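Enquirer: Chain by chain, the residues:
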Amino acid sequence: MSESTTPANDTTANRPIALATRGLSKAFGSLPVARDIEINLPVGARYALIGPNGAGKTTLINLMTGMLAPNAGQILLGSDDITTLGPQERVRRGLARTFQINTLFAGLNALEAVTLVVAERQGLAGRFWRRVASHKETIDEAYEILRRLRLGDSCYQVTRELPYGRQRLLEIALALATKPKVLLLDEPAAGVPQEESGEVFEAVASLSDDLTLLFIEHDMHVVFRFASHIIVLVGGAIFTEGSPAEIAADPGVREVYLGKRKHG
Amino acid sequence: MLSPIFGVLFDGIAYGMLLFVLSVGLSVTLGLMNFVNLAHCAFAMLGGYVTITLVNEFNWPFLATLPVAFATAAVVSIALERTLYRRLYRATDLDQVLLTIGLAFISVSIAAYIFGTIQQPVETPEVLRGSVGFLGLDLGKYRLFLIGVALVVTVLLVAGLEYTRFGAQVRAAVDNQRMARGLGIDVDRAFASTFALGSGLAGLGGALAIEIVGLDPNFAFTYLVYVLIIVSVGGLGSIAGSFAAAILIGVSDVAGKYYAPELGAFLIYLVMVVVLMWRPAGLVGRR
Amino acid sequence: MVSAMTMTPQAYLQAQSRWHPLEIAFWLATLLPFVLFPDYLSLASQIAITALFALSLDIILGYVGIVSLGHAAFFGIGAYTAGLISKFGWGEPLTGLVLATAAAGLVGFAVSFIVSRFRHFTLIMITLGLGLLAFEAANRAHWLTGGSDGLQGVSIWPVLGIFKFDLYGYTAYAYALAALFIIFLGARRLINSPFGLALRGIRENWVRMPAIGADSRAHIRKAFTIAAAIAGLAGALLAQTTENVSLESISFQRSADVLVMLVLGGAGRLYGGLVGAAIFMIARDQFSGIAPQYWYFWIGVLLVTVVMVLPNGILGGLSHIYARWRRK
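Going down the list, the sequences are from chains A, B and C. For the first sequence, my numbering begins at 33 and goes up steadily by one. For the second sequence, my numbering begins at 933 and goes up steadily by one. For the third sequence, my numbering begins at 17 and goes up steadily by one.
For the record, the hints were derived by calculation from the structure and aren't laboratory data. These figures come from a predicted structure and were not determined experimentally. Be careful, since some hints might not be right.
[Unchecked claim] Here are a few chain A residues that face chain C, going by a calculated C-beta distance under 10 Å:
#1 I71
#2 Y188
#3 T191
For glycine and all other residues, C-beta sits at the position ideal for the given N, C-alpha and C.
For reference, chain A alone in the conformation it holds in the complex:
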C-alpha cells in the first residue's frame, strides 16, 4: 500500500503501459462524443480525467469498458487488443470501473454483493448444487475487501439501507473484488456529504501501487491531491494533458472552465 502523499510528479512514466487507446472515436449520428482519443496509462498511474460537463468523460469510460462500441480506434489492455471484446470479458482480463450514479444490487447486502463478484471471478457463479455458505474462501475474501474499505461492520445491511457514502464505498468494493489491473473511477465521491467524503478518498489513497487508476473528478482539490497526471477533455477531444502544476498554470484550461470573460 502506498502512503497518501501528494504526488509531485509522475514517477510511473517509464513503466509499461497498462491501458491505451489509439484514435478512439465515437459519434451519435452527427454528434461526435469522442474524437480521435489517444491515452496511455502506465502501470501504477494515478491519472485524472477532467473537463467541463458534456465533455464526454463518462462516454470515454463506457468506450473503454465496452458498454459502448466505438466507430473507430483501438483499445489495448497491456498488449492485448480488447476493442472487440464484450464488457464481461474485459473485466475478466482486469479492467474494472465504478459508476458515477450508484449501480448497486439494492436488495442484496454488502457481503452478498461482494461475494457474488468474487464468485463470478472464481468461476463459481454457475454452480447451483452447493450453498454459498459452504464456500469459505470466497466469503472470506469478500469480507476482507469490505473490511479494508471500512465496510466490515455494515456488511450485513441491505444495500439500499446503507448511507450514501457507504454505498459509494461499496461501489468501489465491487470493482476491487474483480481483482483489476486497471480501475476506472467515475466521480467516486460524487454526491457524498462532506463528513463522509474523507472515507472515500482514504479508500482511493490506500489502493495498491500496482493498480492503475484513471479517475474522473470535478473537485480540483481532490485532483491535485491524488493525481500525478491530468488529462483535460473538452468536446470529446483531448484538450491538453500534463502534470498538475502545468495544468494549473495553463490559461487555456482556465478559459475552458470559466469562459472567455472572467465572471464577477
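For chain A, the structure is supplied; the task is to place chains B and C on it using the hints.
Expert: The following block gives chains B and C in isolation, referenced to the frame of chain A:
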C-alpha cells in the same frame, strides 16, 4: 372478373385499417413511456358498447355515436390514469402487466353482466350498406368508410405530430425520454394526454369493429393479441410502423383464412416472433 | 437483526439458509389432507402439481425477473410427452416422468437462447407469441395430440410396481407431493447457491452484471432451462395422475393463472408460488359454481389490489407485518 386476390386484398386492407385505429394509441403510449397497458382493448370494447347502447336503446344514428364512443373511452381513460396508472409510471413491467390485465378482467366481467355474452349487432345507416362496383370488384361500402376514417385519423395524427408544439414534445419524449425531461418537457403530462387520445381512438375502433367482426365481452382479449402483435411488429412509438404492420397483419389474416384455413392463427404468431427476433424494436422502432 | 460482529460472515450466510421452523410446519401440514380431508385428495394432488408449476415460474420470474406469458408451453410439452409415452405402450410412471422432464428441458434450452437476448416488452411479447404458437401447434396436430378432444388412451402402471393409482387419489397425492418436495429441495439449494446469488444479481441490477465480469445470458439460459424442465415435470405429473391430457394444459389460460397465483403468494420467496397455488385452487374449487366471467371479475380485483396495495403478494405482506411487529 378479376381474381379473388383483389377482394382478399381489399378486405385485408380494410381489416388492417380497423386494426390500425385500434392499435395506434397503444403504440404511441408504449413508445412514450414503455407503459404496458394491456387494458387497451377494454377501452375499445367500451366504445363498442357505448355505440350499441346508443343505437339499440336510444335510437341514435350510428354515425352520431362514433364521437361519443371516442369521447367516453377518452374520459374513462383519464379517470383511470389519474387514479391508478399514474402511480405505476416507474413500476416494473410485471406490475404494469398485472394492473392492466386486472382492469381488463374487471371490465370484461362488467360487460358480460350488463350485456350478456353473445354478440350484439348494430344497425348501420342505409348509406353504408351494400357495395359499390369498381373495376369489376364489389367493394363493400362499410369497408370503404372504414378505410376513409382510418386515413383521416392517420392524417390528423401525423399532422398533429409534425406541426403542433404538443406533437413535437411527444416526438421528443418518444425519441429520448431522459433528454426530453431535461429540456423541461412534462413527459408525464404528455403521456396522460396521449393516453387519453389513444384510448379514445381505441373506443372509436371498437365502435367501428362491430359491423366487421362483431362485439362481445371477449373482444377485450381476442383483439388485444392482434393489437400487441401490430405494436411489436410495427415498432413502439411509430405511427408509420403501426400503419404498415396493421396492413401486413390484416392482409395476412384475411389471406390466411381464405387460402390456408388449417393454419389458423399460427402464421400470425410466427410472423410476430420472427420479426421480433430479427428486429426487437419492431420494423420501424428504435431503441 | 444480527448485531455487528457476533457472527462470522460464513456463519451469517449459513444461518440465512437454515431451515426455519415455519418451513418444517408447512411441509408437515401438507400431510394433513391424508388424514383430515381424504375426500379432497384429488384436489390436493392438483394443488401439488400446480404448486410445482408455480415454483418453476418463480425461478425465472421471482429470481431472474423474466415476465413470461407463455410458461404453460413447457407444462404442456411435459404433459403431452408423458401422455404419448404411455399411449404408445410404456406406462411406467417414473421413467415417463424423467423422459417428459427431459423433453421439456430440451425445448426450454433451445428457447432460452432466444429469451436471454431480449428484455422488457419485446421479451413479454416473445414469450406470449411462443406460448400461443405452442398452443396452436398442439391444436393443429390432432393426429398426435387429439386436438381439442384431448389425448386418449393414457394408462399408467403402478408406481414402483406397487402403488396403483386408485380412485380416491391416495397414490396420486403421495406421488405428486413427493415430487414437489424433492424438486423443492433442489430449488431451495439452487436459490442458496452462488448461481442463485447471480440470478438475484441479474434481477437487482442488470447493468452491473457485465461490469463484475458476469455472463448474464449464460445464467439466464441455465435458469430458463431448469424452469422449463420443472414445468414439464409438473405437466407430466398431471398427465399421469389424471390419465388425460387436454389443450388446457398448454393454453394461455394456464400461463395467466399460474402468473396470478405466483403474484398472489409473492414472487421471489420460493413459498409464494406454493401458497398462491393453494389459495387460488381452493378458492376456485369452492366457487366452481359461478360463471367464469364473474370468477375473473374477482381475479381482476385481486390483481389490482395486489399491485396497488400488496406488491410482494401475501407472503410479502406477512413478512412486512412481522418485521414491523418485531421492531416494536
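Enquirer: Hints first: check each against the structure and report whether it holds.
Expert: Each hint, compared with the structure:
1. I71: violated (20 Å)
2. Y188: With a minimum Cβ separation of about 6 Å from chain C (threshold 10 Å), the hint on A:Y188 holds.
3. T191: For A:T191, the interface hint holds, since the closest Cβ of chain C sits about 8 Å away, which is under 10 Å.
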